[in-house]
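Protein chains in written order, with the working numbering: chain A, 1 to 348; chain B, 1 to 322.
Derived by calculation from the structure, the hints in this document are not laboratory data. Note that the structure is predicted; figures quoted are calculated from it, not measured. Treat the hints with caution; some may be incorrect.
DEER-style ranges, computed between Cβ atoms [claimed, not checked]:
#: 1; chain 1: B; residue 1: F284; chain 2: A; residue 2: L191; range: 52 to 62 Å
#: 2; chain 1: A; residue 1: G130; chain 2: B; residue 2: R4; range: 15 to 25 Å
#: 3; chain 1: B; residue 1: S233; chain 2: A; residue 2: G300; range: 48 to 58 Å
Covered stretches of chain B (in silico footprint by chain A; criterion: 3 or more residues with CB under 8 Å from a CB of chain A, positions within the stretch not fixed) [stated by the list, open to error]:
#: 4; region: 52-58
#: 5; region: 181-191
#: 6; region: 286-296
Chain B regions said to be covered by chain A (calculated; three or more residues, Cβ under 8 Å) [said to hold, decoys possible]:
#: 7; region: 76-87
#: 8; region: 136-148
#: 9; region: 302-309
C-beta: ideal position from N, C-alpha, C; glycine also.
Spelled out, the chains give:
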Amino acid sequence: MSLDANTGIAEKTSGFGLGSMLRSPLALPLAGLIVVSILMGLASDNFFSVNNIMNVLRQVSVVGILAVGMTFVILTGGIDLSVGAVVAICGAVAAASIAGGHSAFFAVIAALAVGMLCGLWNGFLVAILGIQPIIATLVLMVAGRGIAQLITEGVIMTFNDPGLIFFGSGSFAYLPMPVVIWLLVGAIVILLVRRTALGMLVEAVGINRRASTLSGVRTPVLLMAVYMLSALCAAIAGIIVAADIKGADANNAGLWLELDAILAVVVGGNSLLGGRFSILGSLIGAMIIQAVNTGILLSGFPPEFNLIIKAIIILVILIIQSPALQSAAAFFSRKPAESAGMRVEQPK
Amino acid sequence: MNSRYLPLLATIVIFILSYAACAAQYPNMLSTRVAGNLLTDNAFLGIAAVGMTFVIISGGIDLSIGSVIAFTGVFLAVILRNTAIHPLVAFAMVLVITTAFGGLMGAVIHYLKMPPFIVTLAGMFLARGMSYVLSIDSIPIEHEYYSTLTGIYYRLPGGGRLTLIGGIMLIVFAAGIFLAHRTRFGTNVYALGGGVQTAELMGVPVAKTTIQIYALSGFLAGLSGIVFSLYTSAGYSLAAVGVELDAIAAVVIGGTLLTGGAGFVAGTFIGLLIQGLIQTYITFDGTLSSWWTKILIGLLLFAFILMQKAILFLSSLNKRYA
Numbered sequence: 001m002s003l004d005a006n007t008g009i010a011e012k013t014s015g016f017g018l019g020s021m022l023r024s025p026l027a028l029p030l031a032g033l034i035v036v037s038i039l040m041g042l043a044s045d046n047f048f049s050v051n052n053i054m055n056v057l058r059q060v061s062v063v064g065i066l067a068v069g070m071t072f073v074i075l076t077g078g079i080d081l082s083v084g085a086v087v088a089i090c091g092a093v094a095a096a097s098i099a100g101g102h103s104a105f106f107a108v109i110a111a112l113a114v115g116m117l118c119g120l121w122n123g124f125l126v127a128i129l130g131i132q133p134i135i136a137t138l139v140l141m142v143a144g145r146g147i148a149q150l151i152t153e154g155v156i157m158t159f160n161d162p163g164l165i166f167f168g169s170g171s172f173a174y175l176p177m178p179v180v181i182w183l184l185v186g187a188i189v190i191l192l193v194r195r196t197a198l199g200m201l202v203e204a205v206g207i208n209r210r211a212s213t214l215s216g217v218r219t220p221v222l223l224m225a226v227y228m229l230s231a232l233c234a235a236i237a238g239i240i241v242a243a244d245i246k247g248a249d250a251n252n253a254g255l256w257l258e259l260d261a262i263l264a265v266v267v268g269g270n271s272l273l274g275g276r277f278s279i280l281g282s283l284i285g286a287m288i289i290q291a292v293n294t295g296i297l298l299s300g301f302p303p304e305f306n307l308i309i310k311a312i313i314i315l316v317i318l319i320i321q322s323p324a325l326q327s328a329a330a331f332f333s334r335k336p337a338e339s340a341g342m343r344v345e346q347p348k
Numbered sequence: 001m002n003s004r005y006l007p008l009l010a011t012i013v014i015f016i017l018s019y020a021a022c023a024a025q026y027p028n029m030l031s032t033r034v035a036g037n038l039l040t041d042n043a044f045l046g047i048a049a050v051g052m053t054f055v056i057i058s059g060g061i062d063l064s065i066g067s068v069i070a071f072t073g074v075f076l077a078v079i080l081r082n083t084a085i086h087p088l089v090a091f092a093m094v095l096v097i098t099t100a101f102g103g104l105m106g107a108v109i110h111y112l113k114m115p116p117f118i119v120t121l122a123g124m125f126l127a128r129g130m131s132y133v134l135s136i137d138s139i140p141i142e143h144e145y146y147s148t149l150t151g152i153y154y155r156l157p158g159g160g161r162l163t164l165i166g167g168i169m170l171i172v173f174a175a176g177i178f179l180a181h182r183t184r185f186g187t188n189v190y191a192l193g194g195g196v197q198t199a200e201l202m203g204v205p206v207a208k209t210t211i212q213i214y215a216l217s218g219f220l221a222g223l224s225g226i227v228f229s230l231y232t233s234a235g236y237s238l239a240a241v242g243v244e245l246d247a248i249a250a251v252v253i254g255g256t257l258l259t260g261g262a263g264f265v266a267g268t269f270i271g272l273l274i275q276g277l278i279q280t281y282i283t284f285d286g287t288l289s290s291w292w293t294k295i296l297i298g299l300l301l302f303a304f305i306l307m308q309k310a311i312l313f314l315s316s317l318n319k320r321y322a
């Protein structure tokens with residue numbers, strides 16, 4: 001059984017001790033994903049079928065794409081509450097362009113452009129006006145659905161353009177199109193930040209905005225770019241959501257997705273306080289959440305438990321991440337030779 | 001003129017101007033009937049917003065209140081349907097639960113040193129999940145005592161009705177104003193919002209106050225849930241989605257600084273009335289779609305945040321040249 005082999009590996013990695021686990025930020029989310037998958041596999045026979053895995057991947061792609069952008073926002077110590085509303089706006093823009101007789105290509109470009117505009121607005125509020133991110137993005141979260149309804153004129157706009165629908169239900173190389181887009185977005189962003197200085201600069205802003213401004217980092221430009229990236233990811237997700245249901249639903253498209261995206265980032269081992277980050281972690285986090293969602297449905301548990309299980313997951317992660325517990329863990333797991341060096345690396 | 005009164009003053013001026021503009025177009029808006037309905041329709045939101053005001057003044061945020069309102073409604077509906085417990089006893093039970101729930105979140109925020117945003121987000125999921133587990137259907141409440149309670153009203157001159165739940169909201173606002181400005185707890189809340197370290201050095205019991213603030217928010221969310229169940233005579237686990245955002249908007253429009261440390265419970269009341277006024281106007285007009293409410297509230301939110309920024313900027317200039 002391959003399942004048992006997986007458990008063995010998971011246990012072995014955790015057997016190296018807390019210290020080495022904490023040093024590799026991916027180990028914890030990955031172990032989480034394996035544990036959750038095994039639990040769900042035990043609870044239902046169908047969980048590991050190719051069909052279901054494809055299904056999980058397909059559904060995870062929207063949250064996954066949002067989580068990529070959200071990772072950067074959280075990395076700067078901020079938060080983007082507006083992504084759900086941006087999903088609705090961009091879906092509405094795409095549907096309205098098709099309804100206006102434009103091509104699918106135009107619809108996609110228009111949706112992405114409007115998404116960038118939303119990001120520019122958020123970035124302007126946060127970076128130039130210096131408003132707290134929670135509140136700055138709350139404005140668009142509250143008003144955004146109204147704007148989306150303004151575009152769709154209060155109805156669910158449906159469309160039949162095969163080009164646009166392809167983004168939702170098409171497939172490429174046996175993979176559903178949303179999954180392809182998700183992997184593509186993830187890969188491009190990872191390459192962009194790891195092969196250039198961008199990732200380091202954003203990390204610097206997240207750890208200490210003032211210090212990085214003083215050392216010559218153009219903080220406002222970076223912050224604007226981060227919020228624009230988040231909104232761009234939301235726009236892509238919006239196109240997928242609209243294409244998937246062949247219509248734009250201003251009320252329900254992307255509803256509460258911002259919370260799932262934030263959750264994915266946090267579950268992926270990223271600190272909400274900003275500073276350290278792993279995009280792969282966020283992607284794994286998104287997969288954990290979707291595996292839980294699907295697993296609960298498949299196992300025959302009432303779906304009502306879904307939210308409670310999510311809440312418990314957040315609580316467990318909060319406790320693991322909490323500064324109080326981490327300093328205790330570092331104290332107990334330090335090796336004598338290393339302890340001096342570790343103390344210097346972690347002041348405060 | 002103290003600059004901390006400016007946001008409150010601006011809110012009051014905006015409210016009076018917009019009410020005058022509405023009344024000029026629809027003279028009926030001045031009647032006590034409309035005023036009574038304004039209070040009744042926004043009673044649950046107002047009660048929850050008082051709790052949110054304390055949380056925001058202390059520099060925190062509470063995202064769980066909408067879910068707690070829904071949980072309270074479902075809990076009451078299930079209890080009243082399945083047992084013979086008197087509604088008043090059920091009210092007391094649910095208030096104990098929600099207060100303990102809020103206090104627990106406060107404890108997690110303080111002792112685990114986690115941002116209130118994410119802790120109350122977990123609380124939001126938990127409370128919503130609990131209400132799903134209790135029931136996913138909309139359960140009507142058909143207890144006689146409920147119809148007695150909803151039948152109570154005070155007849156205002158001009159035919160308007162100040163209902164029981166509208167009255168409860170007014171009492172909660174009065175109590176909130178007293179609590180914020182006339183008690184040690186209130187002073188501690190303002191001190192916390194000014195800066196946790198400063199407050200600690202001044203001798204404010206930070207742990208106790210944090211837990212009390214979120215317990216108060218939980219208690220008021222529970223009370224708001226009771227009022228909501230009286231208002232709708234039903235319990236539904238999908239109800240009151242997004243109430244926390246409306247409450248935050250009312251607090252901000254009411255002139256409370258989002259960075260914490262400054263604000264007025266009375267301002268929240270005006271902020272609530274402005275939101276209610278927009279909705280009433282849209283109802284009166286009849287041709288505008290309801291989504292204009294959202295856009296207008298978003299715009300107001302933006303305008304007030306901008307104004308707060310400007311005031312902070314100006315007062316920092318004053319200090320520099322003083």
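Against the structure, the hints:
1. Separation of B:F284 from A:L191 is about 56 Å and conforms to the stated range, judged on CB atoms against 52 to 62 Å.
2. Distance hint check: the CB atoms of A:G130 and B:R4 are about 19 Å apart, consistent with the given range 15 to 25 Å.
3. Range check, B:S233 to A:G300: Cβ separation about 34 Å, and the 48 to 58 Å hint is violated.
4. Remark: the region 52-58 of chain B is not confirmed as covered by chain A, as 0 of its residues place a Cβ nearer than 8 Å to a Cβ of that chain, below the required three.
5. Look at the region 181-191 of chain B against chain A: 0 of its residues bring a Cβ nearer than 8 Å to a Cβ of that chain, fewer than three, so the hint is violated.
6. With a threshold of 8 Å between beta carbons, the proposed coverage of the region 286-296 of chain B by chain A holds, since 6 of its residues qualify and at least three are required.
7. Check result for the region 76-87 of chain B against chain A: violated, 0 residues qualifying (beta carbon to beta carbon below 8 Å, three or more required).
8. Counting residues of the region 136-148 of chain B whose CB lies closer than 8 Å to any CB of chain A gives 1, which falls below the minimum of 3, so the coverage claim is violated.
9. For a cut-off of 8 Å, the count of residues in the region 302-309 of chain B with a CB near a CB of chain A stands at 4, and the three-residue condition holds.
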